[in-house]
Amino acid sequence: MTRVLFCVDGSDGAGWALARGVAWLKNADIQAAVLHVIPEVDERFRHYERLHERELREIEHLFGDEGHGLEVAVQARERLKKLGFEAERKVREGDPAAEILAEIREGKYDLVILASDAAGSAEKPRLGGVADEVVRSAPISVLVVRGGGSE
Amino acid sequence: MSVSGVVAVSIFLVTYVAIGMEKINRTIVSMSGAIALLIVGILSLKEAVTTYVHWETVGLLFGMFTIIAVLSEAGFFAWMALWVAKMLDYNPYRILVVFPLVTGFLSAFMDSITVMLFFATLTYELSRLLKFDAIPVVVSEVCLANVGGASTLVGDPPNVILGLMLGFSFNDFVIHNGPTAVIAALGAIGVAYLQCHKRLLLGGAVDRQALLAMDPAKAIKDARLFKLGLGAFAVAIFFLVIHAWAEHTLHIPLTAPLAPLIPAFFILILGGHKTEDILRKIDYDVLLFFIGLFVVVGGLEKTGAIKALADFIANVFRHQDLALVSTLMWFSAVSSAIVDNVPFALSMAYVIRDIAGQVGVPALAIMVWAVSLGTDIGGNGTPIGASANVVAYASMEKKGHRIGWPRWMLLAIPQTMAALIICNLGLALKLWLKFF
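Chains as they are written, first to last, in the numbering used here: chain A, 1 to 151; chain B, 1001 to 1436.
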């Protein structure tokens, strides 16, 4: 069984990468996980968030929001379910590339799929910073799906 | 300029730049700057503590922070947003107009950072259910929070500094800044509506049943604390309104800082087992930040650097009242968009006090209104212009909705310009009527 990590961030590009990845792997025996990395935010915000953390979590609970960016991972997992795959959901917080690489090491994946998060052309393709860093540093195969399509 | 003046200016500039760069916690930066001044002997510790740290400002802020901590612990902000949304029948267009007016009103009396921390989250949650774009609403909420904060003494830290250091009361701000801020807020929200109403809705099914079932009362976590907090808040505002009369006519020593401090300590005493939670929510970081800044800017004042700047400005604008007042407002606005507005306001408090002592310049009061309006409102222009902006921006980013500087500025700058133009016209009218 191939362990596959889908990296999502709530963007259309990530949704496209997820859909294309699944389409290519539809006949494979895979164990999937979706990972959303909540980006590092301003330290001043984190200071105020810590002061009022309980109230903010209560507000999210009041609205049925699982919070902490889980919603992005949940939506991605739901998409995978519609396409016939069960998946674990993972959420980390920090530098996106570093957290993806940490998850790869800890989760013992065989393949990671993510979107190319920069614009480019067919003649001069470019990788975004996160995809570039993951391609350079990941110890496993990386499938970068170019954007521009829709599910 | 003397050697000590050069050293004081250098320490001030390094502190200011380090605060702006945000690589090191700003409280640590300001306290380090203060300690540097003590080490080089420009100020003694006694001088710093007794002459330059403005304890009235620290006391007033502590009182207001305590009352707001109680209200947030009780669920006041969530209740307020849900109650207003229910009154508006959960209509996104009405939310686009009314929520910013609510944040503007609340920020006139409470610190806008806490207001925006909750309202950014609440607006995002409502936008998920009602399928509208939260970003333009949140940006407008921030813009009007900063405009609303200009209208009273306690609305924004720059106003607290300018008012208490230069002798202007809560009622002075309400009478002189209040009407201008209200009209500026209406102008800003008008621009916001024109910018955003056509692209507000995102499409998708809205679960109205879930919304109608939502009871604002459920947002109140502690009914007793809720009532205590609102009561304390009302008493604080009442004391702020009457304190000048009580001091001068009744000879009761009810100073502006005591106005929130008295009800704050009462609710700490009555808070019971919640008192510790409340005390943990008070932003001591900001109080220490202020203490450090008072010392750093005090170094400029003592060495004559501020007087030199004030003399220069007075010479350039002698007998040109409208030009000076307008320049102060716009310079404050632009600076505030780029750098932290608290050290800026503190420096300007000394500068305009020195300018007012010269011949051929306008009265101190009109300069205070110009600096406060510019400093409070100008901060809207960028995501880092004010702490309320930072909090709202990061709050949306954490939810996966990165606003980005271009989009923020495209939304905020027109609203800010509308507000500032109205403020400049208001200041010109006050000069013409000699009503300041």
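Think of the hints as simulated: they come from the structure by calculation, not from any bench.
Be aware that a few hints might be false.
[To be verified] Subject to a maximum C-alpha distance of 20 Å in a straight line, what follows is the list of computed SDA-like cross-link-like pairs (lysine to any residue):
{"hint": "1", "chain 1": "B", "residue 1": "K1023", "chain 2": "A", "residue 2": "E43"}
{"hint": "2", "chain 1": "B", "residue 1": "K1221", "chain 2": "A", "residue 2": "R50"}
{"hint": "3", "chain 1": "A", "residue 1": "K82", "chain 2": "A", "residue 2": "L25"}
{"hint": "4", "chain 1": "B", "residue 1": "K1023", "chain 2": "A", "residue 2": "A23"}
{"hint": "5", "chain 1": "B", "residue 1": "K1281", "chain 2": "A", "residue 2": "H47"}
{"hint": "6", "chain 1": "A", "residue 1": "K90", "chain 2": "A", "residue 2": "D110"}
{"hint": "7", "chain 1": "B", "residue 1": "K1307", "chain 2": "B", "residue 2": "E1022"}
{"hint": "8", "chain 1": "B", "residue 1": "K1221", "chain 2": "A", "residue 2": "K26"}
{"hint": "9", "chain 1": "B", "residue 1": "K1023", "chain 2": "A", "residue 2": "K82"}
{"hint": "10", "chain 1": "B", "residue 1": "K1307", "chain 2": "B", "residue 2": "I1039"}
{"hint": "11", "chain 1": "B", "residue 1": "K1131", "chain 2": "A", "residue 2": "D65"}
{"hint": "12", "chain 1": "B", "residue 1": "K1023", "chain 2": "A", "residue 2": "E66"}
{"hint": "13", "chain 1": "B", "residue 1": "K1131", "chain 2": "A", "residue 2": "E66"}
{"hint": "14", "chain 1": "B", "residue 1": "K1131", "chain 2": "A", "residue 2": "R50"}
{"hint": "15", "chain 1": "A", "residue 1": "K26", "chain 2": "A", "residue 2": "T2"}
{"hint": "16", "chain 1": "B", "residue 1": "K1023", "chain 2": "B", "residue 2": "V1339"}
{"hint": "17", "chain 1": "B", "residue 1": "K1218", "chain 2": "A", "residue 2": "H61"}
[Claimed, not checked] Covered stretches of chain A (in silico footprint by chain B; criterion: 3 or more residues with CB under 8 Å from a CB of chain B, positions within the stretch not fixed):
{"hint": "18", "stretch": "22-32"}
{"hint": "19", "stretch": "35-45"}
{"hint": "20", "stretch": "85-91"}
Glycine included, every Cβ here is placed at the ideal spot set by N, Cα and C.
Results for each hint:
Pair hint B/K1023 plus A/E43 holds up; C-alpha atoms about 9 Å apart against a cutoff of 20 Å. At most 20 Å may separate the alpha-carbon atoms for a hinted pair to count; B/K1221 and A/R50 meet this at roughly 18 Å. Between A/K82 and A/L25 the alpha-carbon distance is near 15 Å, which keeps this suggested pair within the 20 Å criterion. Note on B/K1023 and A/A23: the hinted pairing is violated, with a Cα-Cα distance of about 44 Å set against a maximum of 20 Å.
About 11 Å separates the Cα atoms of B/K1281 and A/H47, which keeps this hinted pair within 20 Å; it holds. Using a Cα cut-off of 20 Å, the hinted pair A/K90 and A/D110 holds, with the two alpha carbons roughly 17 Å apart. Between B/K1307 and B/E1022, the direct Cα distance comes to roughly 29 Å. Violation of the 20 Å bound is thereby established for this hinted pair. Simply put, B/K1221 and A/K26 have alpha-carbon atoms about 48 Å apart, too far for the 20 Å limit, and the pair is violated.
With a CA separation close to 45 Å, the supplied pair B/K1023 and A/K82 exceeds the 20 Å bound. This hinted pair does not check out: B/K1307 and B/I1039 have alpha carbons roughly 23 Å apart, beyond 20 Å. Among the hinted pairs, B/K1131 with A/D65 is consistent with the structure: their alpha-carbon atoms are about 14 Å apart, no more than 20 Å. Between B/K1023 and A/E66 the CA atoms are separated by roughly 31 Å; this puts the pair beyond 20 Å, and the hint is violated.
With a CA separation close to 18 Å, the supplied pair B/K1131 and A/E66 stays within the 20 Å bound. At roughly 28 Å between alpha-carbon atoms, B/K1131 and A/R50 are farther apart than 20 Å, so this suggested pair is violated. In summary, the hint linking A/K26 to A/T2 is supported, as the alpha carbons are separated by about 12 Å, within the 20 Å threshold. At roughly 14 Å between alpha-carbon atoms, B/K1023 and B/V1339 fall within 20 Å of each other, so this suggested pair holds.
With a CA separation close to 11 Å, the supplied pair B/K1218 and A/H61 stays within the 20 Å bound. Requiring three or more residues with a Cβ within less than 8 Å of a Cβ of chain B, the coverage given for the stretch 22-32 of chain A is violated, as only 0 such residues are present. Under the rule that three or more residues need a Cβ within less than 8 Å of chain B, the assignment of the stretch 35-45 of chain A holds, with 8 such residues. Counting residues of the stretch 85-91 of chain A whose CB falls under 8 Å from any CB of chain B gives 0; the rule of at least 3 is not met.
Going down the numbered hints, you'll see the structure goes against 4, 7, 8, 9, 10, 12, 14, 18 and 20, while the others check out.
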